[in-house]
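Use the sequences and the hints to build the structure in full.
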Amino acid sequence: MKKLCLLGLVATLASHPVWAETKPAALKDKDAFVSDLLKQMTLDEKIGQLRLISIGPEMPRELIRQEIAAGRIGGTFNSITRPENRPMQDAAMRSRLKIPMFFAYDVIHGHRTIFPISIALASSWDMDAIGRSGRIAAQEAAADSLDITFAPMVDISRDPRWGRTSEGFGEDTYLVSRIAEVMVKAFQGVSPANADSIMASVKHFALYGAVEGGRDYNVVDMSPVKMYQDYLPPYHAAIKAGSGGVMVALNSINGVPATANTWLMNDLLRRDWGFKGLTVSDHGAIFELIKHGVAKDGREAAKLAIKAGIDMSMNDSLYGKELPGLLKSGEIEQSDIDNAVREVLGAKYDMGLFKDPYLRIGKAEDDPADTYADSRLHRAEARDIARRSLVLLKNQNNTLPLKKSATIALVGPLAKAPIDMMGSWAAAGKPEQSVTLLDGLNAVIGEKGKIIYARGANITGDKAVVDYLNFLNFDAPEVVDDTRAPQVLIDEAVKAAKDADVIVAAVGESRGMSHESSSRTDLNIPQSQRDLIKALKATGKPLVLVLMNGRPLSILEENQQADAILETWFAGTEGGNAIADVLFGDYNPSGKLPITFPRSVGQIPTYYNHLTIGRPFTPGKPGNYTSQYFDDTTGPLFPFGYGLSYTTFTLSDMALSSTTLNKTGKLDASVTVANTGKVDGETVVQLYIQDVAGSMIRPIKELKNFQKVMLKAGEERTLHFTITEEDLKFYNTQLKFAAEPGEFNVQIGLDSQDVQQQTFELL
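Everything in the sequence shown is counted per my numbering, starting at 1 for the first residue and increasing by one.
Hints are supplied without guarantee of correctness; some may be wrong.
Quick list of simulated restraints, FRET-style, between CB atoms [to be verified]:
no., residue 1, residue 2, range
1, Pro368, Asn398, 41 to 49 Å
2, Met696, Thr618, 22 to 30 Å
3, Lys403, Tyr625, 50 to 58 Å
4, Lys403, Pro87, 53 to 61 Å
5, Asp501, Arg615, 46 to 54 Å
6, Thr262, Val679, 51 to 59 Å
7, Leu735, His610, 15 to 23 Å
8, Gly213, Asp586, 36 to 44 Å
9, Glu726, Ser329, 48 to 56 Å
10, Pro87, Lys291, 31 to 39 Å
By construction, these hints were calculated from the structure, which means they are not laboratory data. From the three backbone atoms N, C-alpha and C, an ideal C-beta is built for every residue, glycine too.
Below, the structure written as structure tokens:
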């Protein structure tokens with residue numbers, strides 16, 4: 001049976017999904033199935049499939065169900081439980097063709113169990129841990145009836161002023177590309193059609209992390225070479241890994257908004273990369289083509305988007321209204337609509353929804369008794385993964401780990417902040433289920449020592465900032481100030497410090513300060529907290545700073561004041577326990593920075609793999625007429641790949657198997673890493689390559705591989721890295737991806753700066 005006669009089946013199977021009782025052979029041929037269904041659809045039903053509707057005040061649930069039953073909605077987002085989504089799928093089963101709905105949500109770093117934010121996951125440099133977080137997130141989301149997530153977010157970010165730095169995996173093309181592949185496979189599992197998997201939709205395509213000035217929604221103006229070399233590879237890695245969807249960015253690219261960019265969506269994504277999946281606009285992006293200045297009205301905006309290849313209109317206000325008239329007038333072709341509908345239906349097929357529209361919704365009698373029950377969380381996994389994401393930035397005089405018998409002054413506005421611990425885009429996570437730092441320390445220290453808690457300061461003393469952050473949160477204010485005078489708060493903290501053996505200060509940003517629409521001009525810790533740190537330093541007690549933040553901060557002064565600094569980002573549901581594990585030495589930190597920490601905001605952009613220049617600054621030599629800032633030290637405060645441990649690691653001299661490499665050969669670079677300290681621990685050995693002289697300027701180094709290795713105290717292990725011509729390729733001025741014969745430097749180290757080097761030649 002090559003063709004499925006759907007209209008006849010609708011008449012006889014009115015009480016069941018059409019797809020449930022069709023012959024199995026029909027469902028085995030995706031292209032034939034989708035093509036046949038497309039022939040059965042009216043124009044209104046086709047356009048309905050292109051509308052992705054947000055659950056909210058603009059369209060109440062009852063109206064949504066009516067629209068679904070009429071065949072005028074293809075999917076929704078922001079409804080996240082089985083009881084919410086079942087009635088909508090029921091409505092779809094009352095529609096003429098019974099085309100199932102899909103249900104979407106932003107599952108970024110966990111669903112109910114919140115894992116560390118994405119920049120923190122990248123800090124683990126642990127692909128297995130990152131994959132586990134994505135697999136659990138998919139399982140939890142699928143169990144709640146979700147079919148697709150708008151993730152992973154793989155925008156390269158080299159300007160930490162951008163609030164969405166927290167949502168991505170850092171500055172490096174290679175590392176982010178590796179993670180993109182891992183996350184897509186984790187979300188989708190063996191198949192996105194399986195009941196415990198969800199479809200990935202990589203975002204934001206493209207170049208969103210390069211918005212000018214770090215201002216959200218801003219323009220991107222970039223050379224093609226930089227695009228192809230640095231910013232596009234992570235999206236491509238996600239596509240090659242099988243991502244079923246692509247969410248399109250809000251920014252413009254060289255003067256053309258992504259949502260209307262035919263080159264981006266058709267030439268690059270579909271023709272060159274061979275993408276066959278679903279493309280989705282970002283929220284309201286089609287209407288925003290008017291504000292971008294490329295569309296005079298909604299009609300033209302819809303025309304530009306559908307012509308560019310935007311399949312689904314998120315929070316649609318224009319496709320449903322304008323596409324019928326555009327088709328009637330001949331301004332668009334029927335094929336423009338059909339091509340988009342084909343991808344929507346294909347995605348639903350790939351999610352397994354035609355075989356079973358209730359695949360992830362299940363039966364009402366099987367719904368969890370308590371959707372929000374703690375028993376549905378994966379706490380052990382969240383704690384383990386969070387520990388792996390923490391980065392020890394400083395540990396002067398072995399201030400850490402803390403003694404469990406100590407009296408500890410725990411201060412700071414983030415010491416007892418359950419909602420902030422979850423970070424931005426915390427999906428269905430509940431603040432009351434997250435473990436604060438105060439909770440974590442108390443759980444470890446028990447009766448052995450003592451915790452003296454004092455808030456010490458508010459997040460910020462700037463009321464306008466507090467008002468802005470709370471305006472972004474519609475349910476309830478997230479930033480709640482202690483109404484006492486700032487000096488009263490500081491005095492209370494100082495008293496606690498004087499009565500303690502050591503101070504632990506939880507400082508940084510509220511989660512709303514590192515979020516969409518939260519770009520900053522200043523990367524300093526807010527002044528209210530800096531005043532607190534200064535007062536604590538004056539007590540003379542050992543001072544440990546626990547940073548909570550979603551972007552690199554300018555902590556030059558704090559680095560001088562503190563005896564130890566632990567970067568914890570926003571560590572998720574089990575964050576407090578994970579941080580306590582590291583502070584007390586029950587877990588040896590192994591995280592490495594996936595993004596450079598600048599000395600000041602004036603250095604931005606600062607990233608490790610910048611291009612070579614004609615007048616480079618050389619440390620220790622006069623800076624006149626070299627590329628430097630004369631009023632501060634040149635170089636970062638903490639480089640890419642940096643992170644300390646409670647033990648020490650050393651590397652032997654590097655050995656190369658040959659000093660030459662032919663185009664079809666392999667070269668082995670080996671090094672022996674030894675744990676020379678007294679504590680078992682993990683470290684990340686990193687391999688960088690520099691193309692010494694090419695047809696165009698090349699970076700001073702590029703990460704090309706790494707290995708995370710666990711060693712017992714006194715243990716050593718020889719690691720091998722294989723280098724091939726593929727590792728040496730780059731996009732030249734003609735955008736040809738190729739390697740050029742010549743000299744290359746190989747660098748191996750424990751961060752991007754502290755490396756040893758050898759040279760080989762590509763023949």
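Tested hints:
no.: 1; hint: Pro368 / Asn398: 41 to 49 Å; in the structure: holds, 47 Å
no.: 2; hint: Met696 / Thr618: 22 to 30 Å; in the structure: holds, 23 Å
no.: 3; hint: Lys403 / Tyr625: 50 to 58 Å; in the structure: holds, 52 Å
no.: 4; hint: Lys403 / Pro87: 53 to 61 Å; in the structure: holds, 57 Å
no.: 5; hint: Asp501 / Arg615: 46 to 54 Å; in the structure: holds, 51 Å
no.: 6; hint: Thr262 / Val679: 51 to 59 Å; in the structure: holds, 57 Å
no.: 7; hint: Leu735 / His610: 15 to 23 Å; in the structure: holds, 21 Å
no.: 8; hint: Gly213 / Asp586: 36 to 44 Å; in the structure: holds, 43 Å
no.: 9; hint: Glu726 / Ser329: 48 to 56 Å; in the structure: holds, 50 Å
no.: 10; hint: Pro87 / Lys291: 31 to 39 Å; in the structure: holds, 35 Å
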